[in-house]
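Start from chain A and add chain B according to the hints.
2 protein chains.
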Amino acid sequence: MQTYRQIYKWGDKRDSHLDAHTLEFLEEYFGTDRSRQQQIAESIRADDPVRIAPNNLASEHRQFFIQLLGEACVEQSDFSRASHALGKYYADLLHLRHGRVPFPPDVVLMPKSHQQVQQIVDYCSQHHLPIIPFGGGSSVTRALEAQRGGVSLDLQAHMHQVLELNTHNQTVRVQAGISGPQLESYLNERGYTCGHFPQSFEHSTVGGWIAARGAGQCSTGYGRAEDLMVALKVAMPIGTFESRDYPACAQAWDLNRLFAGSEGTLGVITEVTWRIFRYRPANQACGTFIFRDFESATEAMREIMQAEIGRPHLFRISDGPETWFGFKHQGFEGTWKDKFLRWKGYHPPARSTMMMTVEGDERFTRLVARRIRSIARKHGGLAAGKSPVHRWLKQRYTSSYLRDAFMDAGYMIDTMETAVTWDRLLPLWRALHKFFDETNRAVFGMSHISHVYPNGCNLYTIFMAPMKPMQPDEDIAEFLNLQQGILKTFVDHGGSISHHHGVGRMGGQFMHTQFDPTGLNMLNGIKRCLDPNGILNPGGTLSLDN
Amino acid sequence: MQTYRQIYKWGDKRDSHLDAHTLEFLEEYFGTDRSRQQQIAESIRADDPVRIAPNNLASEHRQFFIQLLGEACVEQSDFSRASHALGKYYADLLHLRHGRVPFPPDVVLMPKSHQQVQQIVDYCSQHHLPIIPFGGGSSVTRALEAQRGGVSLDLQAHMHQVLELNTHNQTVRVQAGISGPQLESYLNERGYTCGHFPQSFEHSTVGGWIAARGAGQCSTGYGRAEDLMVALKVAMPIGTFESRDYPACAQAWDLNRLFAGSEGTLGVITEVTWRIFRYRPANQACGTFIFRDFESATEAMREIMQAEIGRPHLFRISDGPETWFGFKHQGFEGTWKDKFLRWKGYHPPARSTMMMTVEGDERFTRLVARRIRSIARKHGGLAAGKSPVHRWLKQRYTSSYLRDAFMDAGYMIDTMETAVTWDRLLPLWRALHKFFDETNRAVFGMSHISHVYPNGCNLYTIFMAPMKPMQPDEDIAEFLNLQQGILKTFVDHGGSISHHHGVGRMGGQFMHTQFDPTGLNMLNGIKRCLDPNGILNPGGTLSLDN
Numbered sequence: 002m003q004t005y006r007q008i009y010k011w012g013d014k015r016d017s018h019l020d021a022h023t024l025e026f027l028e029e030y031f032g033t034d035r036s037r038q039q040q041i042a043e044s045i046r047a048d049d050p051v052r053i054a055p056n057n058l059a060s061e062h063r064q065f066f067i068q069l070l071g072e073a074c075v076e077q078s079d080f081s082r083a084s085h086a087l088g089k090y091y092a093d094l095l096h097l098r099h100g101r102v103p104f105p106p107d108v109v110l111m112p113k114s115h116q117q118v119q120q121i122v123d124y125c126s127q128h129h130l131p132i133i134p135f136g137g138g139s140s141v142t143r144a145l146e147a148q149r150g151g152v153s154l155d156l157q158a159h160m161h162q163v164l165e166l167n168t169h170n171q172t173v174r175v176q177a178g179i180s181g182p183q184l185e186s187y188l189n190e191r192g193y194t195c196g197h198f199p200q201s202f203e204h205s206t207v208g209g210w211i212a213a214r215g216a217g218q219c220s221t222g223y224g225r226a227e228d229l230m231v232a233l234k235v236a237m238p239i240g241t242f243e244s245r246d247y248p249a250c251a252q253a254w255d256l257n258r259l260f261a262g263s264e265g266t267l268g269v270i271t272e273v274t275w276r277i278f279r280y281r282p283a284n285q286a287c288g289t290f291i292f293r294d295f296e297s298a299t300e301a302m303r304e305i306m307q308a309e310i311g312r313p314h315l316f317r318i319s320d321g322p323e324t325w326f327g328f329k330h331q332g333f334e335g336t337w338k339d340k341f342l343r344w345k346g347y348h349p350p351a352r353s354t355m356m357m358t359v360e361g362d363e364r365f366t367r368l369v370a371r372r373i374r375s376i377a378r379k380h381g382g383l384a385a386g387k388s389p390v391h392r393w394l395k396q397r398y399t400s401s402y403l404r405d406a407f408m409d410a411g412y413m414i415d416t417m418e419t420a421v422t423w424d425r426l427l428p429l430w431r432a433l434h435k436f437f438d439e440t441n442r443a444v445f446g447m448s449h450i451s452h453v454y455p456n457g458c459n460l461y462t463i464f465m466a467p468m469k470p471m472q473p474d475e476d477i478a479e480f481l482n483l484q485q486g487i488l489k490t491f492v493d494h495g496g497s498i499s500h501h502h503g504v505g506r507m508g509g510q511f512m513h514t515q516f517d518p519t520g521l522n523m524l525n526g527i528k529r530c531l532d533p534n535g536i537l538n539p540g541g542t543l544s545l546d547n
Numbered sequence: 002m003q004t005y006r007q008i009y010k011w012g013d014k015r016d017s018h019l020d021a022h023t024l025e026f027l028e029e030y031f032g033t034d035r036s037r038q039q040q041i042a043e044s045i046r047a048d049d050p051v052r053i054a055p056n057n058l059a060s061e062h063r064q065f066f067i068q069l070l071g072e073a074c075v076e077q078s079d080f081s082r083a084s085h086a087l088g089k090y091y092a093d094l095l096h097l098r099h100g101r102v103p104f105p106p107d108v109v110l111m112p113k114s115h116q117q118v119q120q121i122v123d124y125c126s127q128h129h130l131p132i133i134p135f136g137g138g139s140s141v142t143r144a145l146e147a148q149r150g151g152v153s154l155d156l157q158a159h160m161h162q163v164l165e166l167n168t169h170n171q172t173v174r175v176q177a178g179i180s181g182p183q184l185e186s187y188l189n190e191r192g193y194t195c196g197h198f199p200q201s202f203e204h205s206t207v208g209g210w211i212a213a214r215g216a217g218q219c220s221t222g223y224g225r226a227e228d229l230m231v232a233l234k235v236a237m238p239i240g241t242f243e244s245r246d247y248p249a250c251a252q253a254w255d256l257n258r259l260f261a262g263s264e265g266t267l268g269v270i271t272e273v274t275w276r277i278f279r280y281r282p283a284n285q286a287c288g289t290f291i292f293r294d295f296e297s298a299t300e301a302m303r304e305i306m307q308a309e310i311g312r313p314h315l316f317r318i319s320d321g322p323e324t325w326f327g328f329k330h331q332g333f334e335g336t337w338k339d340k341f342l343r344w345k346g347y348h349p350p351a352r353s354t355m356m357m358t359v360e361g362d363e364r365f366t367r368l369v370a371r372r373i374r375s376i377a378r379k380h381g382g383l384a385a386g387k388s389p390v391h392r393w394l395k396q397r398y399t400s401s402y403l404r405d406a407f408m409d410a411g412y413m414i415d416t417m418e419t420a421v422t423w424d425r426l427l428p429l430w431r432a433l434h435k436f437f438d439e440t441n442r443a444v445f446g447m448s449h450i451s452h453v454y455p456n457g458c459n460l461y462t463i464f465m466a467p468m469k470p471m472q473p474d475e476d477i478a479e480f481l482n483l484q485q486g487i488l489k490t491f492v493d494h495g496g497s498i499s500h501h502h503g504v505g506r507m508g509g510q511f512m513h514t515q516f517d518p519t520g521l522n523m524l525n526g527i528k529r530c531l532d533p534n535g536i537l538n539p540g541g542t543l544s545l546d547n
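Protein chains in written order, with my numbering: chain A, 2 to 547; chain B, 2 to 547.
Worth flagging that the hints you see were computed from the coordinates, not collected in a lab. Source: prediction; values computed, not measured. Think of the CB as a built atom: it goes at the ideal place given N, C-alpha and C, for glycine as much as any other residue. The reader is advised that the hints may include incorrect statements.
Stretch-level coverage of chain B by chain A, calculated; a stretch enters the list once three of its residues show a Cβ under 8 Å from a Cβ in chain A [said to hold, decoys possible]:
{"#": "1", "region": "162-175"}
{"#": "2", "region": "454-461"}
{"#": "3", "region": "518-525"}
If we take Cβ atoms under 7 Å as the criterion, some of the chain B residues that face chain A in the derived model are [claimed, not checked]:
{"#": "4", "residue": "Arg214"}
{"#": "5", "residue": "Phe242"}
{"#": "6", "residue": "Leu368"}
Only chain A is shown next, with the shape it has when bound in the complex (with noise of 0.2 Å):
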């Protein structure tokens, strides 16, 4: 049975649950009771099969996409539309529950060549058609929704081999619907790794990356989505565009560049070359460090960033309610280690922690490893050890499996993100644990530091509350009212409405802020230009006219 359950559920779709120290955590903290909340989630985990409007769909379209791919790669089921139309936004996951499926897309195309998707291309422009491309599926910006109809472009199921493996140059040729593990597990295999590796890894492709503009838990390292791209072969309205694999030129300024962020509203990419680095994990240095409080740990981040040592490639903190919350999820609360630290003065809720990473060479990794400790001694830090990065490398991409586990128990939580420079980012932090505050325990607010530059930083904040028994208009409202406050604060304090989740439709009501209005019109000039007939991704993306 193809189920909305089947649908919302991120990763292992087997029921999970929470440990017994979050809940009482969460109960203690929102003063909650257990049995109301697991029944108002009860309510609605829509374990019921998919059902939606009819497609629209002309029939001498799908007579012509059957031509082209074959009736196996021309899906129209309930549940195929459904699937391609939201992605892992928590009010994507609401909706679902809610058993709704705002904007299905008419037909999910599964092509298996560059020429292929071309051709539709090609067609869906001249018949004024919509395409949303789709890779893994993970968006969390809305970015997936077909909100004319229209085609759903599905790159991952029969475009993800290995093109070419350049191992002089170091580099990979893919086509872009690979996902990560795909594409992690051939290159380990031959000793290289792909240096990318966002929460969603699992479930999201190389194109994927490229167009959401995405950083890597080891961006800091490796560098992020964009920086890993080398050249792009790309279907748009006007035509192919195939890029060089230069390691760098000036000859005009950088057309690949256009599609990182361009969220398939600019084309379609097909293929990717992308740099490749040795794979050497038992080099990996790490470490972890307490500090008295989230200033110390940034400073000290900041000093390291700027010390021109050799950067970490993990490289995290965690603020005071983070730690907090992490501190009793596993227990640690009340142990000898927690009495020596509060003995030493690192009492929550304000001390905080440092996790890092250092790849690549083995003495320079224990260099680099080295010069960072002594840094975050001089700011206060208490080396705590290398297995709290191991426990957390073990559940980089699992973490997230525990949305659903937080929703079936009755709680939303859902995260927001932000780039800021480092002189806004105090500032910014307290506006934001401020603004989580005065819901007076409506909400629970913890953020961390990720992605790290010689020049500023993301914030990336989780935020939690009870879920209501409500009608599923009020209920998507009321989480967005505090999305929208969240937002809010990062623009009102200097921070971007993205650091690398996109902006998809989302954000889109906060372009303005990001852009004035010549830097709108660039963009929807530029839009203009490569898709005249608006067909890419419409309906709202990046704020976008078409």
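Same frame as chain A, but now just chain B:
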């Protein structure tokens, strides 16, 4: 007296002469006669005052500019117009030595603020008057020619203020017309460095670095201009674009990147936020290595770049001919060191030289230098100490002053450069030197690598030939013939037409080898969208249509 020679001479305007070793090398190699060559050169010193055709600026335009900027900032003298009409491309110098200024602007404007620039751009767009943005005037790609007359917009004259130093973020915000030395001395006094040192450093501007998509001599460590820019303010016919200084973000595609490589065709960059680094020259580690041949040197270089041991900042290999020429120039041949090298099997003209520096934290630079040394040794690199690096650094900007000394001695000398992946480097390099060899000693060519990446590098070639007593047109035609042969060799062997010089009008006819028709359409479409009347650097720049 304001002469042609004052315009074409680079750097120190006083006369300087080639050293005896170099002169002997040239005469031996080409079989030339000293006094005959000098006689040819004498005949085109162009020590006479500049006289060019009258300007074609309508008086109402002149009145508008005077009203806006004041009389002192609106120049129309022959000398000023001629000084802004040409860069430092060999053919530019030939033109000037022959007393010719092919495409002078009608007027030189020297604005003081972004607002003035925007007003000029608006006015010119409205009246279809061409604008050629002018920074330091060091273009080697014919990017400054006023093919259709109009305005040369001199940003360097009055727009060279530091607007904000942010040591917290390690960034500096400047007016785009600030020159390398103005910026660097400001920063050095405060303990920082800009990290960008093109050979034209003394006579180029921050805006120009970005517009031409340049790379400095230490780009391997610090990154290219496009990596060092954080935010821009740009005056365009469609209005002012101003970007934020986020360390990174995922909010649509990166509009900043449009201007890196735009060569004045999309907008006038007026303000730049730029990354800075701690200035710690005492920590610099450096080294020189002699290899048996170019092949083993490049294998060492590739391994160093891919080993994840940290990166050198300056990183260069002089191939066999360049090492040979350099040793001749320094009178090294025949010394006991030379004999020792030969005894060890390191013979000219194959033996090749690698140089590197590492900058940053002291312990870090030492470790990286040690790891580089060990990889170099593995590939047969003999350590040759620090002094060659120190010598090289001393003449890092002034070596190009020698071009005038070469021409004064009757020798043509110019450079071309390409970017290439590792797997195509050696075939391209061999083809290039085969091309030089086939001229039967009519041309001497030598090459180096000076900007290095994990997946490839640049290749930079310097070529010389005796000048002949010729009519201007023949003289230039002969040079162009040679130069296009080199470009064709690059392209035929998978190299780009530019790594960091840009394309200008010089490389225009090769753009179709780098971009497919869709790519060229994208460039032109974006151009039209930002500059609808085609007033910005029109007439062939980047082979755009307008």
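Now the hints, each set against the structure:
no. : hint    : in the structure
1   : 162-175 : holds (count 5)
2   : 454-461 : holds (count 6)
3   : 518-525 : holds (count 6)
4   : Arg214  : holds (4 Å)
5   : Phe242  : holds (5 Å)
6   : Leu368  : holds (5 Å)
In summary, this structure violates none of the numbered hints.
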